[in-house]
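**Student:** Generate coordinates for the entire structure from the input sequences, incorporating the hints supplied.
Sequence lines, in order, name chains A and B. Each residue of the first sequence is one higher than the one before, counting from 1 in the UniProt record's numbering. Each residue of the second sequence is one higher than the one before, counting from 1 in the UniProt record's numbering.
Hints should not be assumed to be uniformly reliable.
Identical chains blur together in the list; that is why a pair holds if it fits in one copy or across any two.
[As the list claims (entries may be wrong)] With a Cα cut of at most 20 Å, we get these calculated SDA-like pairs of lysine to any residue:
1. LYS127 with ASP35
2. LYS204 with GLU110
3. LYS195 with GLN412
4. LYS127 with GLU47
5. LYS127 with GLU32
6. LYS127 with TYR38
7. LYS204 with TYR109
8. LYS204 with ASP358
9. LYS195 with GLU67
10. LYS127 with LEU40
11. LYS3 with PHE360
12. LYS127 with GLU177
13. LYS195 with PRO140
14. LYS295 with ASP357
15. LYS204 with GLY147
Source of the hints: derived by calculation from the structure; they are not laboratory data. From a predicted model like this one, the values you see are computed outputs, not experimental measurements.
2 protein chains.
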Amino acid sequence: MSKVLQFNGFEMNTPSHINHGLWVHPGNRRHEYTDLGYWLDTARLLERGLFDALFLADVVGTYHVYEGGRAPAIERGIQSPNNDPFLVVPAMAAVTEHLGFAVTFTTTYEPPFGNARRFSTLDHLTKGRVAWNIVTGYLPDAARNYGLSEQVRHDDRYDLAEEFLEVSYKLWEGSWEDDAVVRDRALRRYSDPAKVHEISHRGKYFSVDGPHLSEPSPQRTPVLYQAGSSDRGRAFAARHAEAIFLGARTEEEARTIIRSVRDLAEENGRGADAVRFFAGLNVIVGETDADARRKLEQILRYRDTIGYLVHFGGSSGIDLAALGAEEYIEFKARGHIESAERSFSDRRVREIVDHFDDPFHDPFFVVGSAGRVADRIEELADTTGVDGFNLVQYLSPGTFEDFIGLVVPELQRRGRYRTRYGAGETLRERLHGAGARLPEAHPAAVHRHAVAGVPR
Amino acid sequence: MSKVLQFNGFEMNTPSHINHGLWVHPGNRRHEYTDLGYWLDTARLLERGLFDALFLADVVGTYHVYEGGRAPAIERGIQSPNNDPFLVVPAMAAVTEHLGFAVTFTTTYEPPFGNARRFSTLDHLTKGRVAWNIVTGYLPDAARNYGLSEQVRHDDRYDLAEEFLEVSYKLWEGSWEDDAVVRDRALRRYSDPAKVHEISHRGKYFSVDGPHLSEPSPQRTPVLYQAGSSDRGRAFAARHAEAIFLGARTEEEARTIIRSVRDLAEENGRGADAVRFFAGLNVIVGETDADARRKLEQILRYRDTIGYLVHFGGSSGIDLAALGAEEYIEFKARGHIESAERSFSDRRVREIVDHFDDPFHDPFFVVGSAGRVADRIEELADTTGVDGFNLVQYLSPGTFEDFIGLVVPELQRRGRYRTRYGAGETLRERLHGAGARLPEAHPAAVHRHAVAGVPR
Chain A
1 MSKVLQFNGF EMNTPSHINH GLWVHPGNRR HEYTDLGYWL DTARLLERGL FDALFLADVV
61 GTYHVYEGGR APAIERGIQS PNNDPFLVVP AMAAVTEHLG FAVTFTTTYE PPFGNARRFS
121 TLDHLTKGRV AWNIVTGYLP DAARNYGLSE QVRHDDRYDL AEEFLEVSYK LWEGSWEDDA
181 VVRDRALRRY SDPAKVHEIS HRGKYFSVDG PHLSEPSPQR TPVLYQAGSS DRGRAFAARH
241 AEAIFLGART EEEARTIIRS VRDLAEENGR GADAVRFFAG LNVIVGETDA DARRKLEQIL
301 RYRDTIGYLV HFGGSSGIDL AALGAEEYIE FKARGHIESA ERSFSDRRVR EIVDHFDDPF
361 HDPFFVVGSA GRVADRIEEL ADTTGVDGFN LVQYLSPGTF EDFIGLVVPE LQRRGRYRTR
421 YGAGETLRER LHGAGARLPE AHPAAVHRHA VAGVPR
Chain B
1 MSKVLQFNGF EMNTPSHINH GLWVHPGNRR HEYTDLGYWL DTARLLERGL FDALFLADVV
61 GTYHVYEGGR APAIERGIQS PNNDPFLVVP AMAAVTEHLG FAVTFTTTYE PPFGNARRFS
121 TLDHLTKGRV AWNIVTGYLP DAARNYGLSE QVRHDDRYDL AEEFLEVSYK LWEGSWEDDA
181 VVRDRALRRY SDPAKVHEIS HRGKYFSVDG PHLSEPSPQR TPVLYQAGSS DRGRAFAARH
241 AEAIFLGART EEEARTIIRS VRDLAEENGR GADAVRFFAG LNVIVGETDA DARRKLEQIL
301 RYRDTIGYLV HFGGSSGIDL AALGAEEYIE FKARGHIESA ERSFSDRRVR EIVDHFDDPF
361 HDPFFVVGSA GRVADRIEEL ADTTGVDGFN LVQYLSPGTF EDFIGLVVPE LQRRGRYRTR
421 YGAGETLRER LHGAGARLPE AHPAAVHRHA VAGVPR
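**Tutor:** This is the structure:
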């Protein structure tokens with residue numbers, strides 16, 4: 001088996017995303033995230049490197065668990081401050097032709113009608129290169145920014161997300177028929193009103209009349225990414241997701257999630273191949289192993305272990321600063337990121353700090369020459385079954401530059417990386433090798449045939 | 001008096017904005033509104049023409065009054081379909097340096113926290129070239145897209161808008177102190193947490209903890225545009241607006257609104273010059289008067305009077321198709337656009353149809369050579385006291401091209417139009433000739449000094 005792998009650049013509109021503290025590195029441009037130039041350069045670079053997409057994470061609150069408040073997150077720039085991820089996409093789309101853009105948006109805080117129009121607009125402007133990373137939100141701090149007095153409970157969040165998606169599908173797939181827009185100049189007929197439908201959605205959480213404001217875009221529904229890995233999260237993903245960004249911290253865990261989602265997707269009638277799986281990947285590559293080691297040493301000098309603990313606090317709800325090194329941690333709060341729970345249950349505080357202190361604890365970390373990195377990437381893909389990777393940055397744009405300059409040619413030699421983009425293909429066509437629209441087996445497709453009524 | 005006038009291009013992310021029906025004109029690119037290229041070309045053109053800003057209108061529902069439903073609006077493309085206005089701005093910002101962007105967003109349907117971050121993000125990406133056209137929303141159809149069973153009543157909408165702005169000001173002006181972001185690499189200190197504050201807003205409509213997610217942007221609060229002209233709307237504008245887009249249909253009405261808002265602004269301690277006034281302006285200019293007349297004749301052939309009646313129906317709540325030509329119209333529904341009410345009360349249906357059938361009924365319409373157009377523009381500015389105009393399009397980009405090619409040089413010769421942009425100035429600096437930030441007399445400024453607390 002020698003599957004061609006897919007790569008996304010992993011980004012966030014913030015000074016410190018995943019590998020924390022490195023904004024202080026003299027070769028890093030991360031602190032320029034508020035400048036358009038930073039994003040234009042990143043997009044051009046990834047397209048030159050034939051990446052699939054730029055994957056934009058997001059949170060709408062501040063991590064406020066470590067040391068009992070948000071001061072450490074703010075001081076260290078740990079995903080704070082941050083800016084809206086949608087708004088960097090149109091500028092990047094203007095300087096690229098093929099690169100996709102996956103944008104994170106949570107279903108918990110803002111109404112589905114506005115979000116559906118935003119994604120339709122992006123899908124138009126990018127000519128079908130947009131994906132939605134569906135998250136349900138887990139920060140109590142975020143909920144309080146949107147007037148919710150306490151975080152919606154975990155399972156309720158998924159119920160709400162289900163209905164949010166149902167509304168979105170009705171708007172994207174069911175409101176405007178394929179031939180609703182006619183643009184007939186002689187008849188002065190832009191659209192055929194008999195083919196534009198209200199959705200008249202009445203549910204537990206939402207009431208939405210429609211019709212959708214946007215005319216049909218190339219993909220209609222954006223490519224659907226999802227990241228949840230709890231039981232409920234997997235069921236949700238197996239029903240809706242076209243691609244999953246695995247929160248797995250071990251190869252075994254990745255295998256388990258992939259197998260379980262594939263089985264569930266098949267049970268749902270979508271087929272075992274309906275979902276693509278991406279793992280996070282940390283790469284430090286050099287001309288030689290020794291060169292890569294030198295880069296690693298420099299990165300370790302700037303890396304900020306406390307930053308990781310701040311992030312872990314936000315994700316898990318556990319304040320490691322309040323516990324002794326030999327204490328065992330205990331997950332109480334439901335609704336935080338489940339992969340943290342699976343990976344770190346019944347571990348001592350000391351072990352977790354060690355984990356974040358040493359990147360080698362992460363099996364999805366590799367340092368070395370292009371050959372060594374490519375070997376490990378192939379191995380990870382073959383042992384876990386992932387279809388691709390979200391490449392995490394240490395230096396922006398250094399990490400992407402190194403990967404594109406050194407690893408991509410090596411993977412291309414091995415037949416593991418594309419050598420060109422397909423002409424005019426949408427992100428969905430590239431991801432699945434099929435059509436621009438969601439397949440008929442996807443639950444959104446029923447809304448194509450179940451139009452809600454005619455316009456009054 | 002020979003005031004240098006300011007000009008915005010008036011746009012909307014839709015096939016037919018104000019001058020209806022003209023998307024069928026063979027020289028019009030309006031139907032390309034879903035393409036980035038359309039917006040990039042428009043932005044480059046307006047910057048070449050030294051315009052102040054592109055002003056983007058928006059509605060989040062469909063006009064559904066004329067003929068008792070939304071079919072005519074959909075068929076004729078009357079502001080339907082439409083796409084999100086925010087998302088075309090970053091792409092246009094990437095190909096311009098000076099042009100401003102005014103984006104319409106309604107305070108009635110989506111939460112203030114997300115909107116505040118969107119505007120902060122745009123203000124960063126544009127380096128301080130963004131304005132918010134604050135509207136309160138008036139379409140019952142829009143309310144039903146956001147789960148509101150009936151339109152929030154007119155005065156409630158303004159109460160809600162007041163609180164929406166209060167939350168926004170707290171986030172923009174009060175949450176991050178000026179020197180909160182330090183980016184001290186040696187100390188690993190991106191921000192000083194003692195200078196980043198929760199806003200802890202508890203009001204009638206909103207509960208928002210904060211802190212704001214975005215770091216301080218060049219203007220903080222975007223330039224505030226407003227368009228309401230009811231009594232309540234004027235009071236709101238006199239309190240908040242830095243620029244008003246007048247809905248006036250006569251010169252006398254423009255004078256009245258301007259005088260009234262100036263007086264109110266002065267009463268509010270903001271000074272009579274705190275607000276800039278813009279009127280809509282329709283121009284058909286040619287090399288000669290005869291050439292302009294030929295253009296007009298062609299435009300009239302494609303112009304769609306029914307489209308104007310559809311738009312009027314949505315704005316006024318009155319279905320002219322259901323009334324006889326000699327009937328008087330009667331405004332019942334509060335909460336529709338008040339200028340329609342003022343202009344058309346106690347008029348016969350026939351008179352209104354005539355009004356829309358003949359562009360010469362509008363005093364802010366002028367056709368002729370550059371000299372004639374410039375004469376009229378000067379006259380309108382001097383008699384009404386407006387500071388500038390939102391130039392409405394017939395043809396996109398033909399109207400802007402003609403204006404920039406013919407009228408701008410004429411106005412420049414007369415000292416009525418800038419001959420260059422100021423280097424690096426924000427939209428607010430250009431509009432008011434003062435600082436990048438809101439002045440101290442603006443109600444937002446109190447939140448700079450009334451921080452809500454320290455981060456826990």
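**Student:** Taking each numbered hint in turn, which are not upheld by the structure, reported in ascending numerical order?
**Tutor:** 3, 8, 11 and 13
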